[in-house]
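Undergrad: One-letter residues, chain by chain:
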Amino acid sequence: EAGVVQSPRYKIIEKKQPVAFWCNPISGHNTLYWYRQNLGQGPELLIRYENEEAVDDSQLPKDRFSAERLKGVDSTLKIQPAELGDSAVYLCASSNKGGSDTEAFFGQGTRLTVV
Amino acid sequence: QKEVEQDPGPLSVPEGAIVSLNCTYSNSAFQYFMWYRQYSRKGPELLMYTYSSGNKEDGRFTAQVDKSSKYISLFIRDSQPSDSATYLCAMRGNTGGFKTIFGAGTRLFVKA
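Listed in order, the protein sequences are those of chains A and D.
Each residue of the first sequence is one higher than the last, beginning at 103 in my numbering.
Each residue of the second sequence is one higher than the last, beginning at 5 in my numbering.
Treat the hints with care, as some may be off.
Stated by the list, open to error - Partial pick of chain D residues on the chain A-facing surface, computed with a CB cut under 10 Å:
(1) Val8
(2) Glu49
(3) Gly58
(4) Lys60
(5) Phe65
(6) Gly107
(7) Phe113
(8) Ala116
Claimed, not checked - Here are the in silico distance ranges between beta carbons for each label pair:
(9) A:Thr178 x D:Lys46: 19 to 25 Å
(10) A:Thr215 x D:Glu7: 47 to 53 Å
(11) D:Gly58 x A:Lys173: 26 to 32 Å
Because the hints were derived from the structure by calculation, they are not lab data.
Just so you know, these numbers come straight off a predicted model, no measurement behind them.
C-beta: ideal position from N, C-alpha, C; glycine also.
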């Protein structure tokens, strides 16, 4: 079974530029999560989807961050414009427990560096 | 004060040692307690999860939850160099959208 696939693995951009991350969850997983992991910290939830619906986006900085999950499968997370403080690893995860991330599977992440 | 506190380490042990990793928390509503392992430049991988209090064993790994003390532990027996990684505790309640809170992770080095 293929795991959660994220791309790109690494991205370096200048501040104020836009950037987008892509995630393909495990087949059949209805729940998809985007997390941000700062250096030396645990992941922090940005947004959670149940199928196409964003059911928890309370931690998403909506002035510059946006996300979509068309057709309830793949998802894209966008930052526009990027700031220096956005440098982090962006992790996508998925689960099939109907909203429970107790058994969420993570992708390898996209490491973003904003210079 | 953070909801979940975890000593970042690093923790260095010789091969074969018993490793004890711990987290404390402040939110008494937490019901599910998880341990993830994260290798360098990889995503977290779920090792074990426990519901409410008690112990759970899986091979060389044992998870313990003491809700009265708001304290959870992960024990690794016969540690191997391949166990060298960052171990993240995580926990969530049974309601409120199942938001999981992660600890900062403890870096473990097992020396051959």
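Undergrad: Next, verify each hint and record whether it holds.
TA: Evaluation of the provided hints:
Taking 10 Å as the C-beta cut-off, the interface hint given for D:Val8 holds, the closest approach to chain A being about 8 Å. For D:Glu49, the suggested interface contact is upheld, since its CB lies about 7 Å from the closest CB of chain A, less than 10 Å. Given hint, D:Gly58 at the interface with chain A, is violated; its Cβ is 16 Å from that chain's nearest Cβ, farther than 10 Å. Annotation: interface hint on D:Lys60 violated; nearest CB of chain A at approximately 13 Å, more than 10 Å.
Below 10 Å, beta-carbon pairs count as interface contacts, and D:Phe65 has none with chain A, the closest being about 16 Å; its hint is therefore violated. For D:Gly107, the interface hint holds, the least distance from its beta-carbon to any beta-carbon of chain A being 5 Å, beneath 10 Å. The closest approach between the C-beta of D:Phe113 and any C-beta of chain A is roughly 16 Å, which is over the 10 Å cut-off, so the hint fails. Using the Cβ-Cβ criterion of 10 Å, the hint placing D:Ala116 at the interface with chain A is not satisfied: the shortest such distance is roughly 26 Å.
Taken as a hint, the range 19 to 25 Å holds for the pair A:Thr178 and D:Lys46, whose Cβ atoms sit roughly 22 Å apart. The hinted window of 47 to 53 Å between A:Thr215 and D:Glu7 is violated, with their beta carbons roughly 29 Å apart. Remark: the range hint 26 to 32 Å for D:Gly58 to A:Lys173 is contradicted by a beta-carbon distance near 41 Å.
Of the numbered hints stated above, those contradicted by the structure are hints 3, 4, 5, 7, 8, 10 and 11, listed in ascending order.
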